[in-house]
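Residue numbers (my numbering): 28 to 355.
Just so you know, not all the hints are guaranteed correct.
As the list claims (entries may be wrong) - In the DSSO-like style, the derived pairs of lysine-lysine whose C-alpha atoms are separated by at most 30 Å in a straight line are:
| no. | residue 1 | residue 2 |
| --- | --- | --- |
| 1 | LYS77 | LYS155 |
| 2 | LYS155 | LYS200 |
| 3 | LYS277 | LYS251 |
Hints are computed from structural coordinates only; laboratory data are not their basis.
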Amino acid sequence: MPRPECFLNGPDAVLCLRGTVNDVTAWVIDAHTGHVTYTGPSSLRTYPAKLTVHQIGIYAVATTENQGVYGIGSHAETTWFVPGSGHVDQMYPPQRDTAPRTLATQAAAGRGVDRTVVFSLNDGTVIKPKLADDAEQQMTVLYPGGFAAEIRVGQELSRVEFFDDTGTRTSQKSIKGSFFNLIDQPDLPVISFMNDWAVYSVDGDRLLRLSGDGPGEPRLIGTKFFFAESEGIAGSHWRQYDLQTGAEGKSCAYNLSYYIGTDGTVAVVEMGNPNVGRLTEAYDLATCDTLWTVRSAIGSFRQVWRINTTLVQLSDDGTELVSLVAPG
């Protein structure tokens with residue numbers, strides 16, 4: 028029998044599933060007390076199939092390709108339903124310092140359709156911005172407190188507009204450009220133009236504009252905007268700009284691709300896996316100095332996670348969890 032797979036399902040419940048292709052058992056657990064509130068058979072699945080369960084933010088949802096997205100209830104049953112492509116765009120988000128999203132997006136149903144649907148992960152409510160009759164909401168990126176969307180009117184080129192969580196425009200600004208990269212979008216909109224790119228606030232105010240094709244692996248840490256810039260065989264350096272002042276900070280050779288978290292001054296990253304060993308490092312973001320390093324041998328189960336503002340480490344033998352503090 029395979030091991031169970033578990034998912035958060037909102038702030039109060041954990042959903043666990045275990046079984047074979049034709050026989051799946053579900054457990055619903057109270058996240059506060061640990062008590063099992065439901066056990067029984069389920070039509071949900073953890074592998075590609077109808078009603079495949081995914082973790083999106085702090086909610087578990089079930090997807091069926093070319094059909095749509097379902098909510099999951101207290102008895103591991105499907106609840107609300109949003110028709111669409113059945114592929115949630117936020118399925119594999121990067122590590123962020125902001126709260127998990129409460130909204131999600133999927134493409135509308137139909138071959139060749141460019142329209143994007145925004146919906147609530149809590150109850151499936153579809154968020155519909157008020158647009159002109161001949162306007163269409165296309166590529167959409169979510170941010171804390173709202174989203175930005177490429178809006179196309181008729182046959183005109185699309186423009187980026189800004190909305191809050193209810194679909195109300197946060198400003199009347201309409202930016203003639205397109206999103207740089209939907210996968211690597213940080214917690215602020217990054218918009219590309221012909222020969223340069225810019226970072227905007229969620230209200231459409233421009234915070235930073237630089238020449239070039241666009242930022243590699245952009246990341247927002249506090250008020251600093253970081254991105255990787257390739258230097259050929261020398262590898263990549265990470266550039267940083269203060270979005271409050273526009274000032275450029277020191278370019279560093281550290282690697283933020285495997286970022287775990289920060290206290291605002293120090294960033295912690297972890298690379299590797301049990302097959303090659305893990306490396307955990309802490310960097311001073313301002314000076315580029317490596318402050319500490321922890322290595323584990325091949326085969327070790329050691330791994331570090333961030334839970335809210337605490338770093339938690341699994342022991343080498345996989346039997347103990349401890350919190351980490353800065354060396355004294």
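Going straight from one Cα to the other, do LYS277 and LYS251 come out at no more than 30 Å?
-> Satisfied, since the Cα-Cα distance of roughly 12 Å is no more than 30 Å.
Under the criterion that the straight-line Cα-Cα distance not exceed 30 Å, is the pair LYS77, LYS155 satisfied?
-> Holds, at about 27 Å.
LYS155 paired with LYS200 [C-alpha distance capped at 30 Å] | holds, 18 Å
In this structure, none of the earlier numbered hints is contradicted; all agree with it.
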